[in-house]
Amino acid sequence: MSKKLNKVCGIDVHKRFLIASILDNEGNCETKRFEQDLDELVSLKNWILDSGCESVAMESTAEYWRPAFGILNPEINVTIGNAYHMKGIPGKKTDVLDSQWIAELELNNLITPSRVFTGDLYELRTLTRARNKMVNNSTVYKNKILHQLDVCSIHLCSVLKDVFGKSGYALLKGIVERKTQDEIIKTLPAKTRKNASVFFEQIPEYIPDSAIFLIDSMLKIYDNLQIEIKRIEERIKFYLKDKENELRILMSVPGIGIVIGSNLLAEIGDIRDFPTADKLAKWAGLTPSVYQSANTNYTGPITKQGSK
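Each residue of the sequence shown is one higher than the one before, starting from 3 at the first, in our numbering.
Please keep in mind that the hints were generated in silico from the structure rather than gathered at the bench.
Among these hints, one or two may not hold up.
Capping the alpha-carbon separation at 20 Å, the derived lysine to any residue pairs in SDA-like fashion look like this [claimed, not checked]:
1. 135 / 224
2. 245 / 230
3. 181 / 239
4. 175 / 189
5. 222 / 189
6. 6 / 45
7. 239 / 209
8. 144 / 111
9. 89 / 65
10. 144 / 218
11. 163 / 135
12. 163 / 190
13. 144 / 220
14. 222 / 239
15. 163 / 197
Pairwise CB distance ranges, derived in the manner of DEER restraints [what the hints assert, rightly or not]:
16. 185 / 16: 50 to 58 Å
17. 299 / 96: 33 to 41 Å
18. 163 / 212: 24 to 32 Å
19. 211 / 183: 24 to 32 Å
All residues carry an ideal CB built from backbone N, CA and C; glycine is no exception.
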């Protein structure tokens, strides 16, 4: 049974400021606004501690809750809840009402705490998510380059499996640097040089200057993204040193390599938080939704309400 609380603080989190409401079990409530800077957050902490609050609750809104969590957590219990499960009464939504609603939920132990990653686990997950975003950005620029090639009737896709492989990349660099065919051939891998004429058949004699400029610009961005992705991957390896055994077990599963394995470790965190496989599946949002009406149970699609 949850411990009964006498006084708590609910915080409505925003990018630039916080609205905090202190509520006790007699219904007394006090609300204040604090900016999202160090001095104001320290003032928030002192106000909460001086008021005798036993717990603080806030929604996991983007990453905006982390500065306040970092200041408060060492000295007072902080509950981070899923915003989806903490919605207030429809039609009555203001920052002040939201903070008071969060305080009321916390006072009555109605918030299911979200898992908060700290230390190396937080660093690892931040890096793997950043890598995934960079890979997505890299794909965006690859598609932009391919589109520009199509606009110029440069149909390398019809003769190359991967335009961004060794041969394709050499051709792209040759095009943007306006090299002659002989100069481009010298940069091609030895095994593809004999088929170079097939490639040049797909490259028109005239390519607009603007197209050359744009392809060159986007290719440079793509190259820089590849460099940064490799840097992030090296940093990820640093935080995986203590998880080599877990990573090896994951990679023993067909289809799971170091990238997927590191992502799984980063997202799951401490596996001991999940007593059973069912608990893990539910946390990941992979379990079917269940609805009950009278004596009938209905199951629907997976909830997709896992960790974001």
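To see whether the hints hold, each was checked on the structure:
1. 135 / 224: Since the Cα atoms of residue 135 and residue 224 sit roughly 13 Å apart, the hinted pair holds (cutoff 20 Å).
2. 245 / 230: violated, 23 Å
3. 181 / 239: violated, 39 Å
4. 175 / 189: Given that 20 Å is the threshold and the Cα spacing comes to 9 Å, the pair holds.
5. 222 / 189: Distance of about 18 Å is within 20 Å: holds.
6. 6 / 45: Roughly 27 Å separates the two Cα atoms, so the pair is violated.
7. 239 / 209: violated, 43 Å
8. 144 / 111: The given pair, whose Cα atoms are some 50 Å apart, is violated under the 20 Å limit.
9. 89 / 65: With Cα atoms ~19 Å apart, residue 89 and residue 65 stay inside 20 Å; holds.
10. 144 / 218: Roughly 12 Å separates the two Cα atoms, so the pair holds.
11. 163 / 135: Cα-Cα ~25 Å, so violated.
12. 163 / 190: It holds: about 15 Å lies between the C-alpha atoms, which stays within 20 Å.
13. 144 / 220: holds, 8 Å
14. 222 / 239: With Cα atoms ~26 Å apart, residue 222 and residue 239 exceed 20 Å; violated.
15. 163 / 197: Since the Cα atoms of residue 163 and residue 197 sit roughly 14 Å apart, the hinted pair holds (cutoff 20 Å).
16. 185 / 16: 50 to 58 Å: holds, 57 Å
17. 299 / 96: 33 to 41 Å: Taking Cβ atoms as reference, residue 299 and residue 96 lie about 38 Å apart, which means the hint holds.
18. 163 / 212: 24 to 32 Å: holds, 29 Å
19. 211 / 183: 24 to 32 Å: violated, 20 Å
Hint compliance for this structure: hints 2, 3, 6, 7, 8, 11, 14 and 19 are not met, and every other hint is.
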